[in-house]
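Participant: The chain contents come next:
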Amino acid sequence: MNNSKKIFLETVGKEIKSPSVRKMIVTELEYHIDKEKQRFITSGMDEKDAEEKAVAQMGNPVPLGKELKKLHRPKVDWWIAVLFIMALCLGFLPLMAIGGNLGFVPHKIIYAIFGLVITGGLMLFNYSKIVKFRWASYLGGLFLSFLLFLFSTAYVNGFPYVELGPLAFNILDTIPFFFISWTGFLRDKRMNGLVLCILYLIPFLMFAFIGNILAMLLYTLILIGMVVWADTARPNKIYLLLMGAVGLVIGLATRLKTYLPGEYTQEKTFVYSNIQEVFTHANWLGMGGDQAAGVPEAHTDLALVTIIQQFGWLTGLFTVIVLFGLLVRMLFIFPRVNDPLGKVLIGGAITLLAFQTFYNLGMILGIFPLVGVPLPFISYGSYPIVFNAIMLGLVLSVYRRTSTFHAIKE
Amino acid sequence: MEKRLSKLKNTMDKTIFKDLDFSERHRSAVFQVIEKEGEKEEDVFRAVLQLLVQEKTGVELAKLLRARGIKKFDSNEGFLYTTLHRLELKGHLAANWSERREKRYRLNQRGKRLLERMEKNSYKQGDLKVWLEVTVNE
Chain P
18 MNNSKKIFLE TVGKEIKSPS VRKMIVTELE YHIDKEKQRF ITSGMDEKDA EEKAVAQMGN
78 PVPLGKELKK LHRPKVDWWI AVLFIMALCL GFLPLMAIGG NLGFVPHKII YAIFGLVITG
138 GLMLFNYSKI VKFRWASYLG GLFLSFLLFL FSTAYVNGFP YVELGPLAFN ILDTIPFFFI
198 SWTGFLRDKR MNGLVLCILY LIPFLMFAFI GNILAMLLYT LILIGMVVWA DTARPNKIYL
258 LLMGAVGLVI GLATRLKTYL PGEYTQEKTF VYSNIQEVFT HANWLGMGGD QAAGVPEAHT
318 DLALVTIIQQ FGWLTGLFTV IVLFGLLVRM LFIFPRVNDP LGKVLIGGAI TLLAFQTFYN
378 LGMILGIFPL VGVPLPFISY GSYPIVFNAI MLGLVLSVYR RTSTFHAIKE
Chain Z
3 MEKRLSKLKN TMDKTIFKDL DFSERHRSAV FQVIEKEGEK EEDVFRAVLQ LLVQEKTGVE
63 LAKLLRARGI KKFDSNEGFL YTTLHRLELK GHLAANWSER REKRYRLNQR GKRLLERMEK
123 NSYKQGDLKV WLEVTVNE
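These protein sequence lines are chains P and Z, in that order. Going left to right, the first sequence walks through residues 18 to 427 as the numbering used here numbers them. Going left to right, the second sequence walks through residues 3 to 140 as the numbering used here numbers them.
No lab work stands behind these hints, which were simulated from the structure alone. None of the values given here were measured: they were computed from a predicted structure.
Using C-beta positions, here's what the derived DEER-type ranges look like:
#1 P:V93 to Z:R103: 26 to 34 Å
#2 P:Y289 to Z:E57: 54 to 62 Å
#3 P:G228 to Z:K114: 47 to 55 Å
#4 P:R90 to Z:L7: 49 to 57 Å
Just so you know, even glycine gets a beta-carbon here, dropped at the ideal spot from N, CA and C.
Working from the sequences, and respecting the hints, build out all of it.
Facilitator: Now the structure itself:
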């Protein structure tokens with residue numbers, strides 16, 4: 018009895034590989050046929066004719082299936098992929114400038130490969146499953162911070178590090194864990210405002226206790242960037258945003274207080290005058306300026322200054338354009354994503370990448386205090402690569418699945 | 003001459019065109035295509051956008067398009083869904099599944115702005131391109 022409908026739906030469905038997408042399309046078309054069939058039956062047709070007419074009305078299933086297949090094919094955002102690889106390559110420039118005698122290059126190669134694997138792996142991963150890991154990754158983040166606190170093998174700039182072979186972990190590496198857990202918490206309908214606020218405060222106070230204001234700021238910003246787009250109940254949203262705003266003010270106030278005119282002024286003027294000197298001597302395409310006027314943190318926080326010094330303004334400008342390109346592309350993708358979870362992920366990623374990029378530029382231009390915000394992908398270290406690779410991987414995963422959002426959940 | 007031609011026609015009908023059957027269905031299909039050609043693409047586009055200001059399923063949209071005398075999707079209603087899915091992927095429509103397994107579509111902010119431009123007749127060249135891309139392969 019159900020023959021013509023069945024054949025129609027099978028013919029369309031045959032073309033579509035992904036089971037979840039197939040199910041979504043078949044359900045929608047079946048609904049349409051059933052509704053039309055009902056209409057024909059009420060207008061006095063018998064059931065068989067009604068169904069045949071309803072199916073015939075849908076048109077030819079073969080081109081329809083082909084067209085839907087083309088439409089819902091998983092996509093790779095090549096803009097982000099290419100810009101990401103370009104940024105990774107540009108990250109080697111500061112190391113070339115300061116000489117490879119410190120073993121930075123092998124480490125950087127490992128970080129870069131690690132970053133590529135993370136981004137590629139996350140792109141293939143179905144981001145909606147991330148929600149399941151909310152508690153695991155929250156506890157993982159807390160565990161990692163205790164590990165750092167108790168068993169740190171080294172201290173860099175007063176912050177604990179744990180070194181495992183070529184990988185060095187510091188407190189900032191715990192933030193991706195909290196980022197992942199918040200994507201889940203914000204979707205959890207059972208969470209009430211108080212629990213959410215406590216969940217926010219625990220890592221925040223821990224960062225404050227360890228004394229890493231940068232971690233406090235980043236953690237708070239990421240949360241704000243996510244909460245705005247989440248489909249959480251409005252009161253919970255307001256509580257969290259208020260908490261975030263307070264956290265931001267506290268973080269910024271503490272940071273700026275440290276840099277009020279006083280003990281650090283001399284160091285600060287020294288760094289800025291060095292940067293000034295580099296800028297006045299830099300050429301448009303200057304290869305190998307003299308090392309004499311080097312800046313501190315030449316391969317990490319001030320990596321861009323080193324690039325400008327050694328390879329000229331144009332190379333520096335190109336680096337900035339690549340990073341801005343990543344941001345612009347994410348802003349382009351953002352309105353095309355309907356899934357609240359996808360919006361939350363991209364919102365968080367944009368906030369973080371933008372914060373790091375603009376803060377680093379501001380530091381170099383002397384607008385913001387020098388507080389050690391690395392330039393994404395360019396600055397040396399595991400954090401600038403791994404952290405941002407996770408973000409890009411998730412954005413690519415969301416883009417890849419823009420069409421599967423409405424797949425029906427089992 | 004006349005005679006020879008009609009003879010030819012008769013022989014052709016008996017031989018080559020013997021199995022060819024031009025039924026009423028074919029006839030109406032041809033007429034449908036002719037009628038569809040008379041429709042202006044931007045009118046169809048505007049109608050789709052206007053109808054989606056309020057949330058609707060594909061079935062409801064098809065019905066209301068018929069009521070407006072738009073024939074583009076007649077006997078081709080499956081392609082209404084490729085159009086809807088494309089508009090959704092391009093970020094002009096928001097969609098959600100209701101409890102009763104029906105998918106409902108509605109214009110989002112971007113879609114509303116597009117409709118405004120279409121209604122003021124001040125649409126940019128890119129706007130119509132969206133529609134042509136969305137309904138390509140008809």
